[in-house]
Amino acid sequence: MAVNLGVKVGSLQLKNPVMLASGCCGYALEMEEFFDLSLLGGYCLKGLCAGGSEGNPPPRLCETPGGLINSIGLQNIGIEEFLGEKAPKLRRVNSVMVANFYGHSVEEYAAAAEKLQAEPCIAALEMNISCPNVKTGGIAFGTDPKLVQEVTAACRQVTGKPLWVKLTPNVTDITETASAAEDGGADALSCINTYPAMAIDVERRAFKINTRSGGLSGPAIKPLAVRAVYLASKAVKIPVVGIGGISTWADAIEFILAGASAVQVGTALFSNPLAPLEILEGVREYCERHGVGDIASLIGAARDFERPACNLPR
Amino acid sequence: MVSKPMHLVQNVKRGPYATLTLRGEVIPSHPGQFYMLRGEWGLSPLLGRPISILGEDAGHSEVRFLVKAVGEGSRLLHSLKPGDAVRATGPLGNHFPLSGWDPQSPVVLLAGGVGVPPMVYLASRLSESGAGIVFCQGARTKEDLLLLDELEAIGVSPHLATDDGSLGHKGLVTELLAKELEYQPGAVFACGPEAMLRATAKLCKGKVPCHVSLEAAMGCGYGVCLSCVTQVTREGKTANQRVCKEGPVFDAEALPWL
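Read top to bottom, the protein sequences are chains A and B.
-10 is the number of the first residue of the first sequence in our numbering; add one for each residue after it.
2 is the number of the first residue of the second sequence in our numbering; add one for each residue after it.
Quick caveat, the hints were computed from the structure, so don't treat them as lab data.
Wrong hints could be hidden among the right ones.
[Unchecked claim] The list that follows gives simulated cross-link-like pairs (lysine to any residue, SDA-like), each with its CA atoms no further than 20 Å apart: (1) B:K5 / A:E267; (2) A:K4 / A:W238; (3) A:K197 / B:A218; (4) B:K206 / B:E181.
Note that the coordinates shown come from a computational prediction; the quantities given were computed from them, not determined experimentally.
Just chain B, same shape as in the assembly (with noise of 0.2 Å):
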């Protein structure tokens, strides 16, 4: 990982929601990684704000992001202009495991919210593998759903949910995971408001391997200031771990509080 100052080049925006491109040196990433972003914006908010990664080139030289406007930081994000220099600090954190599962079986992915754009970086990888998707998008109207034409760029067709039916199924994203789950994938992968991580978790326990990726307040990112801890129980013992370093993507059964 790195820590220096990129540019932005690209900035397209959809109501709340903006789609950054930066460019600079780009470590490769993978699916569940996040960085650090902070524009040039004085002493407030302090601290930059941590946010997946969308994709990256090939060429190692940009990299996306999809920001939501909805406090201080995120909404200097979401106004930064073409030329803007923003320090990004990353590539951050764990990722979804890329294998593991019986190739012959689908994986499930579960996204909702600015829980999205992980997901789709995630598809675009697996679909560039061969594994067979089964992509499932939850939001409140159609309006809310996010990324519809990157994933018909990458052949993946996504199940829609909508809470008024306005797209798709009627209700809930983790409905159609119930649906699913009746063709015993091979994983499930989650990233997406805490209550769908929690539903997604209490369906698949104990019948599919489940990984989600979670959300918290965070200091450096990195891993020095433990401010985003969160409680990890593997054999029995509970402990705290950083969500910035041995997360954001941890496997549900090691998240008895979800």
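Same shape as in the complex, but just chain A (with noise of 0.2 Å):
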């Protein structure tokens, strides 16, 4: 049986809904190195800021119970630097390249988007507000309705790509980050973003990471992401792109079923950089084995049931 695989986001076509999320892929090349990036619906850009950054000191890492604490700080070459140096060597890709940008104050999210404006080879801005790794930007504009909406609106009057919103789930109530940023013309939102957290070895009495608190991301906080994207999702018209611990086919298809219109894999790659194209490849075969002709028919389908399902743990 055929199944298109095919997914909309917005104005932009996907050839399937299986993304790579920002920062779990550096540039993207790479992943070149295990496969080609041609085969997946698309690839979002570790996120670049102006000038670039060195990020914070290490340890910037640190393993819990199916996750994983980062604190990376957005170490990036600088936006300058990937349009020299990265951007020629990307373009040949045939793939949706998605440049994930932030920075510091609204006047820098805009001159960023600016400056991404002209690449070519970019084909949408995912916006950052919700990187809790640095002291200011990120996380500080993303947890306030009336600055998300600014400085989504401040973007989209300096950039005719489509502007991908990537959302913290750092809020008592993702609707309403979600939908001023609808408000501020966003294409799409990305959900989610790391869950703000901390580890301490007990042993040294001491921190886990340089910075304390990192975001936590991984199988642990996918049932978390997965009510965030069905929340936001409901609440909005624009399509919502899944993230938060997708590590497997069916992680894929949940969101889906949640209301992701794509998803992104980020931690997976880690530990396996190949489980992109295993989650392509179930996803392809969930669709045959449940006659599924057209998978953007499952977007936000489990919505329409209105009875549980039979759930005995087994």
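Both chains are given apart, each in its own frame, so use the hints to dock them into the complex.
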């Protein structure tokens, strides 16, 4: 049975719903050592800012049950070096490239969006207002609906490319920030970034990462992320891209059923760089097994069922 | 590099140490490179573990590692049984130089703890090429000295140092290095505890080229997560570099923090 795996995220056509998440695939060239990027629906580059950043001092990472806490601090080569050195090598990749970006003020966000505007290989911009590991910018913009709308609108003004807004789950009600981004002119929402988290080495009585608090990712946050995607996608008319601990095909399908138009695979890449291909194959098999001719018909489909599934632990 | 399932064909244990042989399609490596290894152990620990290559067969079907059970992940690797599947991503990282010094001069290889396996791999590769090798290994006691049989098999007689004097020189392995430096070696290569690397770098500074292999907490091992960075100074400029990608082997002079 032929399955149409193509999905639309706003005006953008993706050949399938599996993407790579920002911060987990570098500038994508690293992933090409493992597989052909054009097999995927798309990929989101490491968060870029004007002038680049050295990030936070190590240790930057620790493991927790089913997850990991990171505090990289958005180390990046800068928009200028990206455009000069990396972008020319990415132009030949036949897949949707999304440039994740951030600033430390509304003006810096808009200036970053403007700088990325001219590069032809960038299909969409993903505005990062949700990184928990930088002192200014990042999450500071993502928790106040007014600021979310303001910074979205400022970037909207300077770019004609599709504008995705990556939300933080660290809010009381994600529908407020989701709606604010929509009102500001976002074309899509990326849900979600990491959860603020902490871990302490009890033997050494010391924090496990240098900045003490970092961002939790991996399978541990998946149920939280599914809920965030469900709530956000119900609250807005623009598409939602699901992110948060996706490591199997079933995870991907779960996010789509919750309301995601596409998904991003992040932390799973670390332990298995081929995870996105395995997820894609599993998604295809799922559709065949369930007689789903068009994967788009699954987007938000769980919301149509009023009764829960039989759920006996076995 | 590739990432693929391999399977364990042999696990030879000695105390907390295990020499693992994995079988599968092996991409030829160089000494100093490593793999990310992860068994099928569910969601925790989530990440693979970076383990240096001890050696590989000529037919490119087997690769060997030595792991020490010190934490959750390494304990699980230590307890692998023949037939167990292991996701192996590699070979990763850069490697020790295999030339570039006066071939008339020997090179000194300095090894301690789990830094011994890559140095044994380096010794085996260098001895194949006919280079003169002085191999120095340090440990707490003679029980903690590693891979002496492998060194013997490649015809290398190591200079040994133990803290308690139970075998070889009583004291630090870097005291052996200080002596070797009097004979003006062509280069010094080291892998081991940070204190050992620090003393090594200090002894070699301004006298002889010195390359050290660093250990770091890694997320991915192939350059995307940026967890394992260390500060590297070249031509007066200091910047973060990835231990997994630009390293793990660095010119000691570029690591002023060491």
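Each hint, compared with the structure:
1. With a CA separation close to 12 Å, the supplied pair K5 of chain B and E267 of chain A stays within the 20 Å bound.
2. Between K4 of chain A and W238 of chain A the alpha-carbon distance is near 16 Å, which keeps this suggested pair within the 20 Å criterion.
3. Of the supplied pair hints, the one linking K197 of chain A and A218 of chain B holds, its CA atoms being roughly 11 Å apart against a limit of 20 Å.
4. For the given pair, K206 of chain B sits about 14 Å from E181 of chain B by alpha-carbon distance, which is consistent with the 20 Å threshold.
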